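Residue strings, one per chain:
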Amino acid sequence: MKVTNLFRFYRLGVGKRGVVTTRYPNGPAELPAAAQCAPELTGKCDACGHCAEACPTKAIAVTTSKFTIDLGDCIYCGECARGCPKGSIVMGKNCELSARKREGLEVSYDVRQ
Amino acid sequence: MNRMILSELVEDLPPVLRTGIRWELQDDGSLTIDVGEEALPGIVDHIQKKYHSWLISEHALDLRPKGGEFQLIVLLGLPKVTVPVIIRANVDIYASSFHSLTPSVPAANWFEREISDTFGLTPNGHPDQRPLVLYDDWPYGTYPLRKDFDPSRPVPRVPSEYPFRKVEGEGVFEIPVGPVHAGVIEPGHFRFSVAGEPIINLEIRMGYTHRGVEKLSESLPYHRGVPLAERISGDNGFTHALAYCQAVESLAGCAVPDRALFIRTILSEMERLYCHMGDVGGIALDTAFGTGAQMAYILRERLMQLNDQVTGSRFLRSASCLGGVRCDIPVDSKKDIQRTLLQVKLDFDDFVTTIKNMPSFLDRVETTGVLTLENARSLNVVGPVGRGSGIDRDVRRDHPYAAYDQISFQVPVYREGDVWARTRVKIDEVYESIGIIEQALDKLPSGELCVPLGEAPEGRTGLSLTETHRGECMHWLMAGKGQPYRHKVRDASFLNWPAIELAVLGNIVPDFPLVNKSFNLSYAGNDL
Numbered sequence: 433m434k435v436t437n438l439f440r441f442y443r444l445g446v447g448k449r450g451v452v453t454t455r456y457p458n459g460p461a462e463l464p465a466a467a468q469c470a471p472e473l474t475g476k477c478d479a480c481g482h483c484a485e486a487c488p489t490k491a492i493a494v495t496t497s498k499f500t501i502d503l504g505d506c507i508y509c510g511e512c513a514r515g516c517p518k519g520s521i522v523m524g525k526n527c528e529l530s531a532r533k534r535e536g537l538e539v540s541y542d543v544r545q
Numbered sequence: 008m009n010r011m012i013l014s015e016l017v018e019d020l021p022p023v024l025r026t027g028i029r030w031e032l033q034d035d036g037s038l039t040i041d042v043g044e045e046a047l048p049g050i051v052d053h054i055q056k057k058y059h060s061w062l063i064s065e066h067a068l069d070l071r072p073k074g075g076e077f078q079l080i081v082l083l084g085l086p087k088v089t090v091p092v093i094i095r096a097n098v099d100i101y102a103s104s105f106h107s108l109t110p111s112v113p114a115a116n117w118f119e120r121e122i123s124d125t126f127g128l129t130p131n132g133h134p135d136q137r138p139l140v141l142y143d144d145w146p147y148g149t150y151p152l153r154k155d156f157d158p159s160r161p162v163p164r165v166p167s168e169y170p171f172r173k174v175e176g177e178g179v180f181e182i183p184v185g186p187v188h189a190g191v192i193e194p195g196h197f198r199f200s201v202a203g204e205p206i207i208n209l210e211i212r213m214g215y216t217h218r219g220v221e222k223l224s225e226s227l228p229y230h231r232g233v234p235l236a237e238r239i240s241g242d243n244g245f246t247h248a249l250a251y252c253q254a255v256e257s258l259a260g261c262a263v264p265d266r267a268l269f270i271r272t273i274l275s276e277m278e279r280l281y282c283h284m285g286d287v288g289g290i291a292l293d294t295a296f297g298t299g300a301q302m303a304y305i306l307r308e309r310l311m312q313l314n315d316q317v318t319g320s321r322f323l324r325s326a327s328c329l330g331g332v333r334c335d336i337p338v339d340s341k342k343d344i345q346r347t348l349l350q351v352k353l354d355f356d357d358f359v360t361t362i363k364n365m366p367s368f369l370d371r372v373e374t375t376g377v378l379t380l381e382n383a384r385s386l387n388v389v390g391p392v393g394r395g396s397g398i399d400r401d402v403r404r405d406h407p408y409a410a411y412d413q414i415s416f417q418v419p420v421y422r423e424g425d426v427w428a429r430t431r432v433k434i435d436e437v438y439e440s441i442g443i444i445e446q447a448l449d450k451l452p453s454g455e456l457c458v459p460l461g462e463a464p465e466g467r468t469g470l471s472l473t474e475t476h477r478g479e480c481m482h483w484l485m486a487g488k489g490q491p492y493r494h495k496v497r498d499a500s501f502l503n504w505p506a507i508e509l510a511v512l513g514n515i516v517p518d519f520p521l522v523n524k525s526f527n528l529s530y531a532g533n534d535l
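Protein sequence lines correspond, in order, to chains A and B.
In terms of my numbering, the first sequence is residues 433 to 545.
In terms of my numbering, the second sequence is residues 8 to 535.
For the record, the hints were derived by calculation from the structure and aren't laboratory data.
Among these hints, one or two may not hold up.
As the list claims (entries may be wrong) - Label-pair restraints from in silico Cβ distances: (1) A:Lys490 to B:Gly454: 31 to 37 angstroms; (2) B:Leu512 to A:Val451: 45 to 51 angstroms; (3) B:Gly513 to A:Val451: 44 to 50 angstroms; (4) A:Thr454 to B:Pro517: 43 to 49 angstroms; (5) B:Pro72 to A:Glu528: 25 to 31 angstroms; (6) A:Val522 to B:Tyr101: 43 to 49 angstroms; (7) B:Pro183 to A:Leu529: 34 to 40 angstroms; (8) B:Asp335 to A:Thr500: 30 to 36 angstroms; (9) A:Lys518 to B:Gly219: 42 to 48 angstroms; (10) A:Asn458 to B:Pro183: 41 to 47 angstroms; (11) B:Lys450 to A:Glu528: 36 to 42 angstroms.
This structure is a prediction, so every number in the text was calculated from the model and none was measured.
Glycine included, each C-beta is placed from N, C-alpha and C at the ideal position.
All chains, please: the whole structure from these sequences, using the hints.
Written out as structure tokens, the structure is:
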């Protein structure tokens with residue numbers, strides 16, 4: 433093949449794969465709409481404990497004042513969100529969940545009745 | 008058809024074997040035979056010789072709390088029959104031993120060593136009575152799957168050493184590899200005996216990731232078993248969970264809605280696609296063909312992102328539930344899948360052309376790690392490994408589940424049995440999988456996603472087979488009070504690991520990673 437032909441192929445974009453990487457971490461992480469990150473308590477809670485019962489790894493502890501989830505044990509299955517009768521737990525969209533210490537993985541929310 | 012062959016099978020048993028057996032054809036067409044424990048090897052051998060059956064599983068049950076004895080269950084698959092033959096035999100509590108099948112059915116080897124470890128039943132006549140699944144320092148006389156074993160108490164550890172097979176002679180060296188490997192892979196110990204470069208013996212030691220999945224499952228209500236099954240083996244979580252769900256559904260007699268069946272088919276194939284991409288990419292990588300490997304890994308990543316878009320999980324976690332599926336495939340997801348698959352197909356064509364025209368690649372993969380048809384048959388090797396050695400079997404076609412009976416596809420079979428044959432099976436399966444997903448999307452019916460499970464009557468048994476990307480996966484359940492009384496899991500890896508010991512013989516040590524990758528077996532799925 434002559435060199436000029438080869439260049440013509442390149443100009444046509446044959447063999448070009450486009451961009452396969454994303455801007456992250458220089459830009460925001462692009463998560464699909466269905467992504468299930470850490471469970472978050474967003475609404476009212478009457479500490480009924482259905483979420484703690486539904487959790488297969490016992491990562492959730494609920495008292496009358498605090499809702500605590502241990503992200504070190506969480507398997508992000510979404511059972512707590514489905515188990516909440518008030519629909520107050522949602523699977524969040526924050527994928528940056530690392531912590532410097534083990535205790536940092538325990539996330540607490542104040543219970544609002 | 009099933010009934011005809013199976014009733015003929017029983018009536019054809021020679022009079023010596025027929026005495027003292029009871030048999031029954033179940034509603035679903037499967038055949039249950041109750042035999043005396045001493046007659047078991049004879050009957051299995053007879054069925055194997057006459058009907059070319061294969062061993063799906065051999066496992067034990069502890070029926071002592073129900074006033075019974077130990078029971079052995081042997082499941083045999085038969086050609087042209089969609090249901091298995093179930094043979095049951097009671098084992099005396101005091102004798103605690105049974106007649107081994109292994110001398111006539113080599114595939115029973117690991118099954119019987121597992122029974123010996125976990126139930127303390129000795130297989131008499133088994134040529135290899137060393138432990139298999141438990142840790143080396145597990146105390147003698149503690150059998151975890153017996154019902155009187157208390158899993159909440161820690162077990163005292165007794166240091167001991169595993170007796171490896173010794174190969175001795177002038178110039179024979181032993182190369183121990185593992186259990187901790189370079190790279191982030193699972194633990195397994197490989198002990199090579201070499202004379203110069205060629206391998207003259209390989210012994211594989213597994214069990215380093217034994218987590219007690221079966222025992223754990225016996226204490227979990229059925230719906231909790233689904234996330235457990237998803238985590239048996241990382242990359243075929245969906246198919247394992249599907250097998251578990253199907254087994255529980257068959258216990259409860261639950262009819263899964265049509266739409267869920269089609270979505271299960273689509274997700275199973277999406278899982279196979281991304282796994283096969285990783286597999287063929289890995290083969291290219293192990294031949295040091297980095298460019299080719301990256302082409303496949305880009306596709307794998309694209310497919311995993313597609314999984315994420317459709318189900319919210321790159322590994323298809325929490326997509327399955329009892330009685331149906333959790334995640335729907337709405338119209339825009341459908342379009343996403345179709346668009347991505349079209350691109351993937353074109354790019355995969357490029358990859359295939361590239362590796363097929365690469366002499367240095369073909370030089371490494373052709374005639375490497377040959378597993379002969381005879382060896383594959385006797386060890387009952389399943390999945391792409393079996394199909395690369397000429398065994399024409401695929402659960403999706405032979406025992407259709409989900410919506411596979413409404414979809415047309417080919418089962419690629421090659422008979423060379425080398426690394427290249429196994430790779431080609433996987434390459435062909437990628438195209439078939441894309442075809443299956445496209446057909447299932449076109450036919451996707453509307454309707455419910457999930458129905459309530461209903462009651463699972465105590466004592467009933469359920470069996471389910473699915474085809475993971477590694478091959479046939481089995482979940483067998485016996486119902487207890489709201490949770491399984493016994494849950495037996497058998498991943499394809501459990502049958503295929505012993506075959507590596509045969510496939511590497513005569514190959515040079517540097518080809519072992521390649522052979523191992525072409526089998527691509529799961530450690531966690533094997534160890535349970």
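So does Gly513 of chain B sit 44 to 50 angstroms from Val451 of chain A, Cβ to Cβ?
47 angstroms, holds
Given a hint of 36 to 42 angstroms, does the C-beta separation of Lys450 of chain B and Glu528 of chain A actually sit inside it?
41 angstroms, holds
With 45 to 51 angstroms as the target window, see if Leu512 of chain B and Val451 of chain A comply at their CB atoms.
Holds - the Cβ-Cβ distance for Leu512 of chain B and Val451 of chain A, about 47 angstroms, lies within 45 to 51 angstroms.
Verdict for Lys518 of chain A, Gly219 of chain B (Cβ pair) under range 42 to 48 angstroms:
36 angstroms, violated
Against the range 34 to 40 angstroms, how does the distance between the Cβ atoms of Pro183 of chain B and Leu529 of chain A compare: consistent or not?
Between Pro183 of chain B and Leu529 of chain A, where Cβ atoms are some 39 angstroms apart, the hint holds.
Lys490 of chain A and Gly454 of chain B, beta-carbon distance inside 31 to 37 angstroms?
With a Cβ separation near 36 angstroms, Lys490 of chain A and Gly454 of chain B satisfy 31 to 37 angstroms, so the hint holds.
Range hint 25 to 31 angstroms (beta carbons of Pro72 of chain B and Glu528 of chain A) holds or violated:
Between Pro72 of chain B and Glu528 of chain A, where Cβ atoms are some 50 angstroms apart, the hint is violated.
Falls inside 43 to 49 angstroms, the C-beta gap from Thr454 of chain A to Pro517 of chain B?
For Pro517 of chain B against Thr454 of chain A, whose Cβ atoms are near 37 angstroms apart, the range 43 to 49 angstroms is violated.
Between Asn458 of chain A and Pro183 of chain B, does the beta-carbon spacing fit 41 to 47 angstroms?
With Cβ atoms ~45 angstroms apart, the hint holds.
Is the distance from the Cβ of Asp335 of chain B to the Cβ of Thr500 of chain A consistent with 30 to 36 angstroms?
Given a distance of about 32 angstroms, which is inside 30 to 36 angstroms, the answer is holds.
Evaluate the given range 43 to 49 angstroms for the C-beta pair formed by Val522 of chain A and Tyr101 of chain B.
Taking Cβ atoms as reference, Val522 of chain A and Tyr101 of chain B lie about 58 angstroms apart, which means the hint is violated.
Of the numbered hints stated above, those contradicted by the structure are hints 4, 5, 6 and 9, listed in ascending order.
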